[in-house]
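Visitor: One-letter residues, chain by chain:
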Amino acid sequence: MATLDIHAHTADTHDHHDEHEHEHHEQGFIAKYIFSEDHKTIAKQFLISGLFWALIGGSFSAIFRLQLGFPDANLEWLKPLLGEWIQNGKLDPEFYLALVTMHGTIMVFFVLTAGLSGTFSNFLIPLQVGARDMASGFLNMLSYWFFFISSVLMFISLFIETGPASGGWVIYPPLSALPQAMSGSGLGMTLWLSSMAIFIVSSLLGSINYITTIINLRTVGMTFTRLPLTIWAFFLTAIIGVLSFPVLFSAALLLIFDRSFGTSFYLSEIYIGGQALHNMGGSPILFQHLFWFLGHPEVYIVLLPALGITSEIISTNSRKPIFGYKAMIGSMMGITFLSFIVWAHHMFVTGMNPFLGSVFMLLTLIIAVPSAVKAFNYITTLWRGNIVFTPAMLFSIGLVSFFISGGVTGIILGNAALDIQLHDTYYVVAHFHLVMGSASFFGFLAGVYHWFPKMFGRMLDEKLGYIHFWLSFIGIYLVFFPMHYIGIAGFPRRYYSFTSYEAFSTFGDLNMFISIAAITTLSAQLIFGFNFFYSIFKGRKSTQNPWSSNTLEWTAPIIPGHGNWEGDIPHVYRWPYDYSKPGAKEDFIMQNVPLSQTPESNLPFEKDLALEEK
Amino acid sequence: MTGLILGVSAVLILIILFLIFRVQSLVSVLKGTYNKRVSLSNKVNAILFPISFTMGMILLFWYSDKASEFYLPESASFHGVHTDSLFWITTYIVTAAFIITHILLFWFAYKYQYKEGNQATFFPDNHKLELVWTVIPAILLTILVVFGYKNWSAITNPVLQKDRVEIEVMGKQFAWQVRYAGKDGVIGKYNYKLIDNSNEFGMDMADVNNFDDFTPREIHIPKGRQIFLKIRARDVLHSVFLPHFRVKMDAVPGMPTSFAFTPKYTTAEMAAITGNPTFKYELACTEICGRGHYAMRFIVVVEEEEDYKKWFAEQKSWLETNPDYVNKIPENLRQYVPFAIAPKASAEKSSSDSSAVTPVSTDSLKKEAMASY
Chain A
1 MATLDIHAHT
11 ADTHDHHDEH
21 EHEHHEQGFI
31 AKYIFSEDHK
41 TIAKQFLISG
51 LFWALIGGSF
61 SAIFRLQLGF
71 PDANLEWLKP
81 LLGEWIQNGK
91 LDPEFYLALV
101 TMHGTIMVFF
111 VLTAGLSGTF
121 SNFLIPLQVG
131 ARDMASGFLN
141 MLSYWFFFIS
151 SVLMFISLFI
161 ETGPASGGWV
171 IYPPLSALPQ
181 AMSGSGLGMT
191 LWLSSMAIFI
201 VSSLLGSINY
211 ITTIINLRTV
221 GMTFTRLPLT
231 IWAFFLTAII
241 GVLSFPVLFS
251 AALLLIFDRS
261 FGTSFYLSEI
271 YIGGQALHNM
281 GGSPILFQHL
291 FWFLGHPEVY
301 IVLLPALGIT
311 SEIISTNSRK
321 PIFGYKAMIG
331 SMMGITFLSF
341 IVWAHHMFVT
351 GMNPFLGSVF
361 MLLTLIIAVP
371 SAVKAFNYIT
381 TLWRGNIVFT
391 PAMLFSIGLV
401 SFFISGGVTG
411 IILGNAALDI
421 QLHDTYYVVA
431 HFHLVMGSAS
441 FFGFLAGVYH
451 WFPKMFGRML
461 DEKLGYIHFW
471 LSFIGIYLVF
481 FPMHYIGIAG
491 FPRRYYSFTS
501 YEAFSTFGDL
511 NMFISIAAIT
521 TLSAQLIFGF
531 NFFYSIFKGR
541 KSTQNPWSSN
551 TLEWTAPIIP
561 GHGNWEGDIP
571 HVYRWPYDYS
581 KPGAKEDFIM
591 QNVPLSQTPE
601 SNLPFEKDLA
611 LEEK
Chain B
1 MTGLILGVSA
11 VLILIILFLI
21 FRVQSLVSVL
31 KGTYNKRVSL
41 SNKVNAILFP
51 ISFTMGMILL
61 FWYSDKASEF
71 YLPESASFHG
81 VHTDSLFWIT
91 TYIVTAAFII
101 THILLFWFAY
111 KYQYKEGNQA
121 TFFPDNHKLE
131 LVWTVIPAIL
141 LTILVVFGYK
151 NWSAITNPVL
161 QKDRVEIEVM
171 GKQFAWQVRY
181 AGKDGVIGKY
191 NYKLIDNSNE
201 FGMDMADVNN
211 FDDFTPREIH
221 IPKGRQIFLK
231 IRARDVLHSV
241 FLPHFRVKMD
251 AVPGMPTSFA
261 FTPKYTTAEM
271 AAITGNPTFK
281 YELACTEICG
291 RGHYAMRFIV
301 VVEEEEDYKK
311 WFAEQKSWLE
321 TNPDYVNKIP
331 ENLRQYVPFA
341 IAPKASAEKS
351 SSDSSAVTPV
361 STDSLKKEAM
371 ASY
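Chains as they are written, first to last, in my numbering: chain A, 1 to 614; chain B, 1 to 373.
Okay, chain A solo, but in the shape it has when bound (with noise of 0.2 Å):
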């Protein structure tokens, strides 16, 4: 079936050949599926190299939950998987390791960047601002490479005899920085940071283009004012990451230095090794100066695009317009500003001037407002609507409520009086997970469900997404929101074991009971991956716009072929949200419906644009 669909389409585009000459040669396998330079190809191999990510670390997580919920279970069945780090039916305390700092890296940066900004902003920038595609076809093209190369370093990394990076994800130095210190900070660290390199090389490539395109390439009348808010969002987040990816390449530049050419950027009397190494005058507290200063923005570089792709499906799905567009916006736009002078809250106890972590106690506090407007502004979306929950409704109200749960526990640990006991304890665990990981894997899921019919020409099952939506957010709800009771505990993060403690001795009931949730949880993410790959062959056939919604991608061919739209690119009269206008003869008037064509339901101050129109 699959096969004719793609033939069926290729001879329409034939058709249309007067409007784009590059359309004339057949393309070759290669350049069509491989080193395509389509955007909408590009998104898709963003979202398969995602989708193979999350299943790595997730299974991770998994192996880690058996230790933290069954610290006395036998592993030796994981040894044909895991090999010698199962030490007599046991994990490897540094296999521990790890496991948490591979799962970090590779949800954080694999997943939820590349997984998600990568995927939708490629695909729906183009579709919808209109334009044919983006700025660049071919730094486009480069950046999914890049992010493959990538890809294959960190992957390899997971496979060598010393182990991959074990410093969690921070990489804090100096334990990164010497071999010394623990095995993965040999050659797994070499592997962490030279794929960490190239993922820049391949986001700033991302970005640029994204930025350029949205900038340049609208289509006629497509002002900012009218662009949808999953526009706004990648916009936004394209530039925090140009701005700030940068400044993680210099830190992981000057750990190089200092792991491979002896300098001192970062080190300072050490002894080590039964011996004094002869570095002076670096400072550990540069390293993580530059890295938080990336390492915040990239917590709104994962959740903005979420909140954008969230705007969009409520929305749509309540028919009703999204509650204060422009407040959405400048509520995005502050997060964006605040969110590049928030980063050392994160390093309130390292000792750094306390007066230094008065400021930052209080600019963290002011990002809570705009986060706090735009839960509201959903919320009120919701308010006298008509819903319906198709899954990625059901995902986005899910991301609301994780945002609005996470959120809260932010208002605690943004107060430096208070991080300084919850500070590295599972408090920051749960808080993190339910708004940047849960949220924005929420969001992830919702554009999935949401845009499938528009990346493969079939629709999801609906009744797999249902049952996979409430055992996710059911599940994801009672693995983390029972951390909270661990971190108020005082149980710090990245332990092996608890049991060398009374103070942390308690609560082993309930870390099982997590681990089983966890693992339950993951399962259940199994039904997605059949329902995916299923659909994607045999699912139903969509409809032109199955959501009933406003924007441009709707107006595409089911399947749009390179250059997206036969025929000239339509032009933008209206604001993307015209949902149940008062006097519309439909709940929806799309995007490009002129004015003077719904005199009927025109407010007063579109009266006279209809009127210039013609």
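It cannot be assumed that every hint is accurate.
Heads up, simulated EDC-like pairs for lysine to aspartate or glutamate below, C-alpha to C-alpha not over 16 Å straight-line [said to hold, decoys possible]: (1) Lys223(B) / Glu166(B); (2) Lys115(B) / Asp587(A); (3) Lys326(A) / Asp125(B); (4) Lys309(B) / Glu200(B); (5) Lys66(B) / Asp509(A); (6) Lys326(A) / Glu130(B); (7) Lys36(B) / Glu462(A); (8) Lys223(B) / Asp307(B); (9) Lys264(B) / Glu200(B).
Read the hints as simulated data drawn from the structure, not as lab findings.
We have chain A; now place chain B onto it with these hints.
Guide: Positioned in the frame of chain A, the structure of chain B alone reads:
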């Protein structure tokens, strides 16, 4: 064999699930539900939001009550009492915000589910409403910032008391080491290049203040007196975490940090409060430092002033337990050694050791030691 049976049954279950999936999708094709905008599922999904929320709230309140017995007991330091109350007040505020917003979110989701013939309200914005919910969180946050700032400043800029107890805490892979000033009240200088298997701190024998310093296996502190921790690390980052005292501060190689607190309860009093006769204060590491990160436990004992003084008087200085190092003391300073030096042992040692020790000029040592503190 069991593996095979498990495998086969897993495959069978998957096949059955797949068949159920196929049947339901075929049924819905026959029924034509695909052509409608919503099916029965819309109602089911709508009602599941308030149901799951109600159950979640029951679970939340039931467990919050039950779990409170597992939390850390009342703060054992004075500043911790304030941060604890700030923590709980903030927690009540944000929990209220969490519950109210969720009631709205899930109630709206249920109430405004799709109904044929209904039309959503075209409600694109309302500046009054937006202003209200921008200003209210802003005011609340301002209040929290003010209290947070007061606490934070008091904790991080303490007024150092004259009778404070200074303790050096040094992290290494994978143990804590502590050093007391001894009777002179001054912790001696160190240089990381002087570290060896016995001289774990790298104490500089050219500094007389080191002669009476002692390095016990437990931290003993007197109740009610200010404790000033001088914190450092000698290999990678560590973090001093005294959960019962609400104390946390990173230990950074090359950049000493500090934390001041005043203990409120002795170990014995805390044992009575917790009802645990074997209660012990513990020191943990909270910055990932390698394989043994989870096992850097160190015991802290809080005692009454007299007991502390008694314990303090009993401690032998490090130099006394490591008399070999007397040889590293410059001749002109040996008179300050507070105990009798056994001349024979020192003579023997000095001849064998002299080649192993790298001569370092005392001047440069002093400079380095000063730079590091």
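Visitor: The structure should be examined with respect to each hint, and the outcome stated for every one.
Guide: Outcome of the hint check:
1. Lys223(B) / Glu166(B): Since the Cα atoms of Lys223(B) and Glu166(B) sit roughly 14 Å apart, the hinted pair holds (cutoff 16 Å).
2. Lys115(B) / Asp587(A): holds (13 Å)
3. Lys326(A) / Asp125(B): Holds. Lys326(A) to Asp125(B) sits at ~9 Å (cutoff 16 Å).
4. Lys309(B) / Glu200(B): Judged against 16 Å, a Cα distance of about 25 Å means the pair is violated.
5. Lys66(B) / Asp509(A): holds (13 Å)
6. Lys326(A) / Glu130(B): With Cα atoms ~11 Å apart, Lys326(A) and Glu130(B) stay inside 16 Å; holds.
7. Lys36(B) / Glu462(A): holds (13 Å)
8. Lys223(B) / Asp307(B): The given pair, whose Cα atoms are some 10 Å apart, holds under the 16 Å limit.
9. Lys264(B) / Glu200(B): With Cα atoms ~31 Å apart, Lys264(B) and Glu200(B) exceed 16 Å; violated.
Going down the numbered hints, you'll see the structure goes against 4, 9, while the others check out.
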